Structure formats: structure tokens, C-alpha cells
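So the sequence lines, in the order shown, correspond to chains A and B.
With the numbering used here applied, the first sequence covers 1 to 95.
With the numbering used here applied, the second sequence covers 1 to 431.
Hints listed in this document are in silico derivations from the structure and should not be mistaken for laboratory results.
Keep in mind that this is a model prediction, so the values were computed, not measured.
There could be a bad hint or two in this list.
Stated by the list, open to error - Computed list of lysine to any residue pairs in SDA-like fashion (alpha-carbon distance at most 20 Å, straight line):
| id | chain 1 | residue 1 | chain 2 | residue 2 |
| --- | --- | --- | --- | --- |
| 1 | B | 247 | A | 35 |
| 2 | A | 32 | B | 248 |
| 3 | B | 247 | A | 3 |
| 4 | A | 32 | A | 42 |
| 5 | B | 247 | B | 375 |
Claimed, not checked - Far from chain B, some chain A residues (derived; all Cβ distances over 10 Å):
| id | residue |
| --- | --- |
| 6 | 17 |
| 7 | 19 |
| 8 | 28 |
| 9 | 42 |
| 10 | 77 |
| 11 | 91 |
Just so it is clear, CB atoms sit at the ideal spot from N, CA and C, and this is done for glycine as well.
Spelled out from the first residue to the last, the chains are:
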Amino acid sequence: MRPTTVTERLAAVRFVVDEDEPHIVVHQELAKSTGTAERIIACCPAGVYWWAPDGTVAVEYAACLECGTCLAVAAPGALEWRYPRGGFGVQYREG
Amino acid sequence: MSDEPDFDVVVVGAGIAGTVAAYQLASAGLSVALLERGEVAGAKNLSGGVLYAAVMSQVFPGFLDAAPLERRIDRNQVCFLNEDGWVSIDYADRSLGTQGTAVSVLRGRLDAWLAAQCEAVGVQLLAGFRVDRLLWEGARVVGVVAGDDELHARVVIAADGVNSFLARDAGLRPRQELGQLAVGVKAVVALEPGDLEARFGVGADGGTAMAIVGDCTQGIGGGGFLYTNRASVSIGVVLRLDDLVAKEASSVAVFEHFIAHPFVDRLLAGGEVIEYGCHLVNEGGQAMVGNLVHDGLVVVGDAAGFTLNTGLTVRGMDLAAGSAVAAAQAITEAVAAGDTSAAGLARYPALLRESFVGKDMRTYARAPRFLENPLLYREVGLLAADALHGVLALDGTPRKHLVPTALDAVRRSPMSWGQLARLGLEGVRAL
Numbered sequence: 001m002r003p004t005t006v007t008e009r010l011a012a013v014r015f016v017v018d019e020d021e022p023h024i025v026v027h028q029e030l031a032k033s034t035g036t037a038e039r040i041i042a043c044c045p046a047g048v049y050w051w052a053p054d055g056t057v058a059v060e061y062a063a064c065l066e067c068g069t070c071l072a073v074a075a076p077g078a079l080e081w082r083y084p085r086g087g088f089g090v091q092y093r094e095g
Numbered sequence: 001m002s003d004e005p006d007f008d009v010v011v012v013g014a015g016i017a018g019t020v021a022a023y024q025l026a027s028a029g030l031s032v033a034l035l036e037r038g039e040v041a042g043a044k045n046l047s048g049g050v051l052y053a054a055v056m057s058q059v060f061p062g063f064l065d066a067a068p069l070e071r072r073i074d075r076n077q078v079c080f081l082n083e084d085g086w087v088s089i090d091y092a093d094r095s096l097g098t099q100g101t102a103v104s105v106l107r108g109r110l111d112a113w114l115a116a117q118c119e120a121v122g123v124q125l126l127a128g129f130r131v132d133r134l135l136w137e138g139a140r141v142v143g144v145v146a147g148d149d150e151l152h153a154r155v156v157i158a159a160d161g162v163n164s165f166l167a168r169d170a171g172l173r174p175r176q177e178l179g180q181l182a183v184g185v186k187a188v189v190a191l192e193p194g195d196l197e198a199r200f201g202v203g204a205d206g207g208t209a210m211a212i213v214g215d216c217t218q219g220i221g222g223g224g225f226l227y228t229n230r231a232s233v234s235i236g237v238v239l240r241l242d243d244l245v246a247k248e249a250s251s252v253a254v255f256e257h258f259i260a261h262p263f264v265d266r267l268l269a270g271g272e273v274i275e276y277g278c279h280l281v282n283e284g285g286q287a288m289v290g291n292l293v294h295d296g297l298v299v300v301g302d303a304a305g306f307t308l309n310t311g312l313t314v315r316g317m318d319l320a321a322g323s324a325v326a327a328a329q330a331i332t333e334a335v336a337a338g339d340t341s342a343a344g345l346a347r348y349p350a351l352l353r354e355s356f357v358g359k360d361m362r363t364y365a366r367a368p369r370f371l372e373n374p375l376l377y378r379e380v381g382l383l384a385a386d387a388l389h390g391v392l393a394l395d396g397t398p399r400k401h402l403v404p405t406a407l408d409a410v411r412r413s414p415m416s417w418g419q420l421a422r423l424g425l426e427g428v429r430a431l
């Protein structure tokens, strides 16, 4: 099979993006001081988190597949993560 | 709370557990609302394995013929994958196709069908509806809150999946430890059915399911899976979070390593990724199951921690259905008796203990501990390959009998005799 990137694989997934209400907030200082930043960047299968050039953790919440892994590996208080509002977010067609 | 709630039962989450519970309750004459945060039922759900459908056939007569299933699994493979090769156990049997209950499913199709069955018996399905929190009256759950809406019910069923914010908020489930959770990363790869059947050696209705361990996770606790759908293959890895974090590995890199492995590459050549997804998996077995009832609240399925990984089978969907059947019966009796307190709902854990769910959770209570052994994820597969290499790779040197050949392989392995003996003994006890 032809190798694919996360971005290419995500392009096959249907998303309904909630432009008004992001469902993820990273608390930068705590995320960095607790090691949460490295963990969520490495663990997220959708590549939602990465290091921005300014040294903060960037978040692309629109690509979130809503698995909850980041919340499980985050230190308490470093990450606010909830489900998107009803009808928004990933909408699997195959599943 | 007014004397008359909006519904007898509000079910949160239209997955397997939620739809089965809603269907049973409405069939018993109760008024039921089924709330689903996805656009449609199934939109948030992802399967990562085979559905063992015996319990579904009890709930929905004719399930195996009527439901939109993918393939009957009549070939099972367990594979120790090494960097340069693999050692497999391959079991195919026609009776698995004719009498077996193992089927592959795609939840987008199955859950829509299940929700339609619910609506047909009077369940009110509300999709695109996110429940924000439980509605309390003192220490009792009396409904749910969603945005500005409040829905009152005699009983709320938390069928909201592995992350169950509802069960957590009610204090029924402690925060899971990292070693009790794994992340599944999966792609659905389209293949033309005839091509698929030729590659996987299955008939027009038959299918293959593979459990893979070793290099698929690059030694991280967990495994790989691959199973055939009608016109696609579901393939992925399940990675235990404690080990993924400890090894500072990237879930994306591990997944991509697996799908590029020659073992996979030859099977999926020319295939196209038509969906990509991920999902948390309970890996803690019986130890993860918290309290199942509270005043006015019941927890079922993944939300309650009902998942079983025995190494050879990974089960969640059948346990979800089994827990829903027990919960629905207990709730029906509790509503009829007019007591939906925790005491009134206590029949649910009692029924569950006596059902296949409770029995199997107890039978495999030691499995998670056994599967933590790191030797399983590298050394065991290498040893098996080395022993077979000694038997099958003739290089002109005189041969030895099987037993001395195997003993030589053990001597070459970094595993000690003691480690190997303990692994075998623990495996026999746990699985």
C-alpha cells in the first residue's frame, strides 16, 4: 500500500468543525512544566498537537478524532478536553 | 422534580450497550429516550475487533441474517511478528462460518441499523445531542443536562463509552491508570471483494481475523489487528498507554511502521485508505470495573469497563450487549416496583455476575497482568522463529532432533529458563 501521512489519512475522514467553540485548551505553562506537552504530542494519533516555532504547544482541534488519549496522559489541570458540541466533530462513516 | 418525569429511562450514547438497553426497555413498555452526540448513531463509534454475536441474536432474533454485518469470521490467525518475518497459528474451519457467531462489523452501518430497531419499538432517538452532565436532586440522579435543556428520567443509563464523563462525575469510576488504557489506531483500507477473498483465502461470505503481537507495536505492550470487511480491511494497532509514554514513542510512527511491514504490505497492496480513526480501549479487565449503580443511574458497556483481552480474543461489543441486557431487565423490574434507588437497581450487578459477562470477566481476571510481561512483545516471537529456522533452514550441516533444536534456540534467546517457565505457567493460569 502506498505510504500515507496523517494529513492524507485524515482527509478521508468526515469532520463537522465547530468554528465557534474549540473543545480543547492547553494550559501552556503547566503543560510544559509537567511533561504533558511532550506526551500529548507523541501520543495523539491525529497529530492534533505540535511544537509551534514560538515554543508553545499548537492545537488543531478540528482534526481531533475524540479518542481521549491526550486527556488520559495529561497531568491534572494541564489540558481541558471535552467532547465537541452535539453534531460537531468527527463523524465516522465506516467505523 | 415533578412527579412525572419526561421519560422512564434516558440512555446516553447510541453504541452497542445503549441501543441494546434502549431496545429491551422500550420492548418491555417503558418510555425511552436515546441520546447520541454524533450526527447519527454510529458517527462516533469505532470497532477494533470481532463481534461475537450470540447475545445479539438473543436480543434481535435473526440478527446474523438481518443486520448489516460484514463477514462471518471462519479463519483466525495469531501471529508473532518479527522485524524480518513471522510465525503464525492459522485456524480455519467451515463450521465457524456455518455455526459460528464471530462477525466483522463496521459501526457506521451496524449502529444505524441498531438505532432503527430502537425507533421501531418506540424509542425516541435524539441525535446531535451532547449531554453535558447529570442532573441531580440531592444525592440522586434525576436526569441529564444538555445545553439549556433538562431531561428528567426515573433512571439514566450511562452508555457513553470508554471516556464516560457521566460515570466519572458520579464517582462510580476512579480515574483509570495509564496501564489500564490503550489507544487503538485504525485504518479502513478498501479492496475489491474478489481480490480480498483471494488474498485472505476466504469465501464470498467468509472472513479472516488476525491478532498480531511483536514488531507491529515495536515492542510496546499491545498488539496489532487485521480483519476483513465485505470490501475493505480494518487494520491497526492497540498501544498500552503506560508503555507508549515510558518509551516516548509516537502512536502515529508505530502505526505507520506496522502498515509498512512486509506482512501487511503484501496483503494490502493497491488498497486505499478510506477512513482513519482512533479510540481508547479498556485493558484492565475486572480490576477496572467500578460501581455499576447509583440512585437513579446505571452504567453499562465500555463506560463500565467491560472489555476483555485474552491475547487470542479481544472482546468489548458482546460484553456491552450482555451488560445492557442485564441492566434493562433490572431497570424494568425496578420501575415496576417503583424503586429506582441504588438498592432498587441492585438486581443489575446481581444479574450481571450470573451472566456470561460476569463469569468471563472473572475467568480472565489474571489476563491483564500476564499481558504486561514485556517478553511477549519481542523475545517470544524471536524464539519461535529461531526454533523453526533450526528445523527448516537446511544449510548442509547434520540435523538434530526437534527437542535439541528447540533447546538450542532457548539457549540462544536472551530469556532465561526461569523466565520462560514462569511465562508459560502464568499464561496457562491466566488465559
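Original post:
Within 20 Å, alpha carbon to alpha carbon, are residue 247 of chain B and residue 35 of chain A?
Top reply: holds (14 Å)
Original post:
Within a Cα-Cα threshold of 20 Å, do residue 247 of chain B and residue 3 of chain A meet the stated pairing?
Top reply: It is violated: about 24 Å lies between the C-alpha atoms, which goes past 20 Å.
Subject >> Cβ separation check - residue 91 of chain A to all of chain B, threshold 10 Å >> reply: violated (4 Å)
**OP:** Decide if the proposed pair is consistent with the structure: residue 32 of chain A and residue 248 of chain B, CA atoms, cutoff 20 Å inclusive.
**Re:** holds (15 Å)
**OP:** Could you let me know if the closest chain B CB is still more than 10 Å away from the CB of residue 42 of chain A?
**Re:** It is violated; residue 42 of chain A is separated from chain B by about 5 Å at its closest Cβ, not greater than 10 Å.
Subject >> residue 17 of chain A remote from chain B - nearest C-beta pair above 10 Å >> reply: Holds: least Cβ distance 13 Å, greater than 10 Å.
Original post:
Do the alpha carbons of residue 247 of chain B and residue 375 of chain B lie within 20 Å of each other, as the hint requires?
Top reply: Distance ~15 Å between residue 247 of chain B and residue 375 of chain B Cα, so the pair holds.
**OP:** Compare the distance between the alpha carbons of residue 32 of chain A and residue 42 of chain A with 20 Å, and conclude whether the hinted pair is satisfied.
**Re:** holds (14 Å)
Original post:
Was residue 28 of chain A rightly flagged as not at the interface, with every chain B Cβ beyond 10 Å?
Top reply: holds (20 Å)
**OP:** Test the statement that residue 19 of chain A is away from the interface with chain B: the closest C-beta pair must be farther apart than 10 Å.
**Re:** The claim stands: residue 19 of chain A keeps its Cβ more than 10 Å from every Cβ of chain B (closest is about 16 Å).
Original post:
Any Cβ of chain B at or closer than 10 Å to residue 77 of chain A, or is the non-interface label fine?
Top reply: holds (13 Å)
In summary, the numbered hints that this structure violates are 3, 9, 11.
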